[in-house]
Every structure is written in structure tokens, then in C-alpha cells.
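> In case you want the letters, here they are:
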Amino acid sequence: MTEEELMMAVCRGDQSAYQAVVKLHLKSISHYAFRILGNQKDTEDITQEAFLKLWTNAARWNPEKSKLTTWLHRITHNLCVDYIRKHSRVQTQDSFDENIESSEFDDADADENNRKVKLLNEAIKQLPQNQRSALALCHYQGFSNKEAAAIMNISVKALESAIARAKRSLRQLVTEESDQRQKL
Amino acid sequence: MITIKEFTQIVETHGTEPTHWPAELRGECSAFVANSAAARSLIHQQQKVENLLDQIIAPDFPTLESRVVNQLLPKHTGSVFDQILNWLLPQNGLGKNIWRPAMVACLPLMFGIVIGNFYSFGVDLGNDGFAYWDDELIMLSLNDYTENLF
Chain A
699 MTEEELMMAV
709 CRGDQSAYQA
719 VVKLHLKSIS
729 HYAFRILGNQ
739 KDTEDITQEA
749 FLKLWTNAAR
759 WNPEKSKLTT
769 WLHRITHNLC
779 VDYIRKHSRV
789 QTQDSFDENI
799 ESSEFDDADA
809 DENNRKVKLL
819 NEAIKQLPQN
829 QRSALALCHY
839 QGFSNKEAAA
849 IMNISVKALE
859 SAIARAKRSL
869 RQLVTEESDQ
879 RQKL
Chain B
2 MITIKEFTQI
12 VETHGTEPTH
22 WPAELRGECS
32 AFVANSAAAR
42 SLIHQQQKVE
52 NLLDQIIAPD
62 FPTLESRVVN
72 QLLPKHTGSV
82 FDQILNWLLP
92 QNGLGKNIWR
102 PAMVACLPLM
112 FGIVIGNFYS
122 FGVDLGNDGF
132 AYWDDELIML
142 SLNDYTENLF
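Keeping their order, the protein sequence lines are chains A and B.
One gets the working numbering by counting positions in the first sequence from 1 and adding 698 to each.
One gets the working numbering by counting positions in the second sequence from 1 and adding 1 to each.
Isolated chain B, as found in the complex (with noise of 0.2 Å):
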């Protein structure tokens, strides 16, 4: 059996109407108002402060719709890889000017790294670097070094 503390709670809670009490308890919520004078009096409070509450309307904004609409709007940036591209290759402002020109420099020199590495101009690089330098060690150490001291 529920309880006034209870039912205060539910009407506080979801209001005075029975169609927004939680739907396992409105049977009993409705036998209680039924049955309780308490229960009918609380609800009678309650919607005597929420017909009030109805009555204080908010004000209109005439000159809002025209302020918001008309606001000056950043320009999008676009996804986090327009934004990437966009700080390594910027559209404007002082990178363009300076970030441009030393990337353009930069073309030379990469387009070097990129023909040396593909063409090795006589140097194997498919030796066993380890080995070869592991030989070419022991046969310094070999050399004889002494007729140079003298």
C-alpha cells in the first residue's frame, strides 16, 4: 500500500496528471486518490501551483531572429584532415608566404634523396653490412702498421 510521503514524492516528482505517473504504480496512485482525502487535497494544491506556474510566460525576442540569423559565422574548417592539410599547405596569412616558398626549395633536395636511393651509383647496399665491415676490421688490425712510425 503506498504511502502520502510516497504519493507527495510521485506528484512532485511527475506532476498532478495520472497519464505521467510511472506506469506500475498509477492503479495504485488512483486507488489512493480515491481513497484519501489527503491524497485529493495534495493534488488540488498542485494543480492550483501549476496552473500558475502556466500563467508566467516567457517574453518574445523580436529583434533576436534577425541578430542570430545575421551574425557573422567563422568559416567551417572542415575535417581533421582538411585541417592537417591545411596547416602543412595554409591558404593564407604568413605560412603562405614563408611556409610555400621552403617547401618548393625543399622539392630539389628531396627529389635528390628519393634518385639516390633508387639508383645506388655503384654502391651494393645488398652486402651483409655487418660482415663486410666485421672483415674489413680484422684486416686492419692485421696490417702492419710499424714501418709508418719510422
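Isolated chain A, as found in the complex (with noise of 0.2 Å):
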């Protein structure tokens, strides 16, 4: 079955394609509000608000203008927008920390390597949220500056301009990081 088949079914009420359709897509809707919420009970919340939506209005979707995923990621993406406007924070917790990949280093340089992501995680939580929101859509969630900014309701400029802030601000932090280790 396609998704447009899929979808034309969750219109008609079929709860069996619904659940394919969360199948297909729970993942990357889950990680995209973890990344933007930083924590496992408003993520979870969210996620699971993002797929009542898409129930109660798969009517609206349109496939010649978007691709499912973009349409629920934007879902997504307004949900957890309102949510931080509504709670004017976000509660982080250390989930990321226990997730960091260190296989490919030694002791000694993969304890230097933690350190850097668990920093770098930290910068990553203090960036504005349009900033993270561009982050997580470009370089975890794989779309495109044009689809991401379809998403985040923005121009491809001001989107390429977030994308722009939040890879600088990080590079400088990693870099007088190192600079910093390098003279002690």
C-alpha cells in the first residue's frame, strides 16, 4: 500500500492503516520533538498528539503539495512550538548523554570525545529554538533547506540563515574548546 492508499483509508476511518501509518513514521516524529523538547514525557506527549491530529485531519493532507513526512513533521514542528510558547521553556534532561556513540575511540580518547558531545550537547540545548529546529530538520531528520523551511513556515533564506548561526556557534565553541585544551 502506498502512503496516499494509506492515508485515503485513514480518512475513511480504517484504524489498521492508522497504525501503519504511525508504524512508518513514529520514529522520526519522535526523535524530531525529543531533539526540539529534550525530554521523554513531553516528547512523548507530543508524539502522541502529532498522530491524533493526523487521524482527525488526514482529510487535509495533500500529496501533490507535500510528502507525509514533511506534513506531520510540520504537525510536529507546530505542536512543539506552541508548547514551548505555553511552558516559555524547555525541561532537558540527560537521555542524549547516555546515547553518545564512542566505539571507534580509546580510553583516554574516548573519554576526550564524550566530553566534547556532551559539551556540544549543551550548546545545542542553550540555542534559540528556531536555530535547533533547523539543526535537528537538516542534519538528523535529512530534509532539505527548502522542505525544513516548508516545515518551519519560513523562507529558504531565513532558514539557511538559522542553519547558518547555530553551525557557526557550535564550530567556535568546539574550536576555542580545543584551543583552550591545546594551551594547558
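There may be inaccurate statements among the hints.
For the chain A half of the interface with chain B, some residues (derived, Cβ under 8 Å), not all of them [claimed, not checked]:
#1 V720
#2 L722
#3 H729
#4 E742
#5 T745
#6 E858
#7 A862
#8 R866
#9 T873
Hints were generated in silico from the structure; no laboratory data involved.
Cβ coordinates follow ideal geometry from the N, Cα and C atoms, glycine included.
Each of the two chains sits in its own frame; use the hints to bring them together as a complex.
What follows is the structure, given as C-alpha cells:
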């Protein structure tokens, strides 16, 4: 079944089609929400709400205008932005820290690498929401700049400016940190 | 000729992979990297950041799928036409208990209006109403009512 056929079935109220759509998109949607919200509880709530919106607004998806994943990410993005606005802060947790890949390094190098990743992770949390979203969509979710701009409902220029600022501040942080370590 | 500022902007926006750079600038950028130590240093630093970013993995949520799949889904309301029909003729609730008997009670009235309109029962509606009423008013004005006053 294609995504279009699945969504037509969802429009008719077919729950098994809904389950199939959930299976296809749950991972990327929950990961995106987590990268914006930073904690498990809010991520699960927002992901659940995003799929509820998919169920109730299935007829509004236009396959000629956007891919299903783009539409779903847009729903999730809007929910996350609304949530952050209402709560005016992001409650983060250390879940990222448990998921750092370090197998390719020796012990000393691994420690150094883990420390850098943690530092970078902290820096990402401090980025403004639009820069964090732009980074998550373009770097982690694999969207093109045009698609990411459509998801965030901003111009491609604004998206490119946000992602450039995010990458610049992260690069400066890593470079400064490396320079300081070398001096010591 | 591309400047280091412009090249930095391209790398920050599109990444370090030359295949991701804008097609019209790709050749110029590649030549710039080959000739500029600053450009190569920038690419090296940015690659470091991207490698570190790749190591930040979002966790999986093992119970989330069952939570999302098993959540209570509202009944689909259907098309706008269905919604209007449901509003006019509700399937349930108070509307069903009050509205439907009211609609049924109105049926004889509606039937009467339709029948009355269809069979005029001797009233000729085909006449030109305005002319007819004009004549009637003229005739009324010509009547002598004086005898009624005494």
C-alpha cells in the first residue's frame, strides 16, 4: 500500500491503516520532538498528539503539495513551538548522554570525545528554538533546506540563516574549547 | 572569485560535502578549497563539529508505539455535507430526542403548504396582481359612503 492509499484509508476511519502510518513515522517524529523538547515525557505527549492530529485531519493532507513525512513534521513542529510558548522553557534531561556513540575511540580518546559531545549537546540546548529546529531538520532528519523551511513555515533564506548561525556558534565553541585544551 | 566569507556561508548553510553545495558554485568552491589553507581549515573544523553532532543519538521510546496506536481515536465526522446532515438530523444526544419529533410534527404543515401551493383551490393566482388591486382601489374610492354616515 502506498502512503496515499494508506491516508485515504485513514480518512475512511480505517484503524489498521492508521497503525501502519504510525509504524512508518513514529521513530522520526519522536526523535524530532525529542531534539526540540529535550525530555521523554513531553516528547511522548507531543508525539501522541501529532498522530491524533493526523487521524482527525487526514483529509487535509495534499499529496501533491507535500510528502507525508513533511506534513507530519510540520504538525509536530507546530505542536512543539506551541508547547514551548506555553511553558516558556524547555525541560531537558540527560537522555542524550546515555546515547553517545564512542565505540571507535580508545579509553582516553573516548573520554575526551564524550566530553566534547556533552559540551556540544549542552550548547545545542542553549540555541534559540528556530536554530535548534533548523539543525534538527537539516542535520538529523535529513530534510533539504527547502523542505525544512516549509516545515518551519519560514523562507528558505531565513532557514539558511538560522542553520548557518547554529553551525557557526557550535563550531566556534568546539574550536575555542580545543584551543584552551591545547594551551593547558 | 569567491571570498572566504562567502565560502564560510556556503559551508555553514549546506555542509562540508561538496555534493551538497549549490551546483552553480560547486566548481568555484572546489577550486577555492584547493588553493586556500583557510578554506581547508574551515572544512576540517566544520567536519569535526558534524562528526560530534552525529554522535548525539536520540533515544528510542519503547512504550510509545503502543501508546500512540492504542489511544482513543475520535469517530470520523465525514464530509461537510455529512456534518450538515448530521446537524439537521442528529444521530444521538438531545437533538435526537427533541429535534426529530419536531421535524415529524412539521411534516403535515409542510405537506399542507405544498398542496395549497399546488392546487390553488379556486383562487386565481394567474392574474396580474397589481392591475387587479389598482382596479379594486379605484372602485372603492368611487363608492358613495355618505349614506352610511346617517
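> Hint by hint, work out which the structure violates, then give me just those numbers in ascending order.
2
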